[in-house]
Amino acid sequence: MSKKIGFIASVLFSCTALTANAASIPYNLVGTEAPANSFIATATGQLTAYFYATEAAYNSEIGVRVNGVSTGVYGLWNHGSAYADSIVLGNVNAGDLLEFELRVLTTSTSWYSTATNNADGKNHTYTASFAGDAWIPAGRYIAFEDLPSLGDFDYDDHQFVVTNVALPEPTGLGLLGIGLITLGLMRRRKSNTAN
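The sequence shown maps to residues 503 to 697 in this note's numbering.
Keep in mind the hints are simulated off the structure, nothing from the lab. Ideal Cβ placement from N, Cα and C applies to all residues, glycine included. Just so you know, not all the hints are guaranteed correct.
Unchecked claim - Label pairs and their calculated CB-CB ranges:
#	residue 1	residue 2	range
1	E535	T611	30 to 38 Å
2	V532	G597	19 to 27 Å
3	T544	D635	17 to 25 Å
4	A668	G570	33 to 41 Å
5	G653	N593	30 to 38 Å
6	T609	G634	31 to 39 Å
7	L531	G623	31 to 39 Å
8	S572	G533	28 to 36 Å
9	P639	T611	26 to 34 Å
10	N593	V532	29 to 37 Å
11	T611	T546	14 to 22 Å
12	T546	A621	27 to 35 Å
13	P537	A584	24 to 32 Å
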């Protein structure tokens, strides 16, 4: 009898842990459009996505375009996937440009991680770093909004984590600009302290 109770307790603990994980990366600026983002492959190999959570009424699945071309692989249906279910979206080479797609099956609409490719011109994705846990490895957390004009702006309709993905590093000119601005601010601060 005590073995049965121990087994039930461990199952309940696992379910609680999974539920706790599923709500740990909220979008903190609900009501405002998320900053634009782009993605690149960090290494040559498989691009694997892990289902995280959903808060959507609509049915959807994800896919990816690599250098503008769809891999043709779609999955992680939001109402049929469990936390940490995974799919290999395709193979990539280090430095490939990646654009994630949300196919909303209920409305036959697609939204992309590149705002200019969306019919409403809005950014439908929010991204954050994901440190990993016992079920999903470290990677990029990505969450989609599935309604035109971003609906409720909470970026939680279809959430997943992708490995082998990073945000592009700032370009040389961008770094130079940041450096010049920093030097200007330091010089201005030094001038204000001298007065």
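Tested hints:
no. : hint                    : in the structure
1   : E535 - T611: 30 to 38 Å : violated, 18 Å
2   : V532 - G597: 19 to 27 Å : violated, 34 Å
3   : T544 - D635: 17 to 25 Å : holds, 20 Å
4   : A668 - G570: 33 to 41 Å : violated, 19 Å
5   : G653 - N593: 30 to 38 Å : holds, 33 Å
6   : T609 - G634: 31 to 39 Å : holds, 33 Å
7   : L531 - G623: 31 to 39 Å : violated, 19 Å
8   : S572 - G533: 28 to 36 Å : holds, 32 Å
9   : P639 - T611: 26 to 34 Å : holds, 31 Å
10  : N593 - V532: 29 to 37 Å : holds, 36 Å
11  : T611 - T546: 14 to 22 Å : violated, 33 Å
12  : T546 - A621: 27 to 35 Å : holds, 33 Å
13  : P537 - A584: 24 to 32 Å : holds, 30 Å
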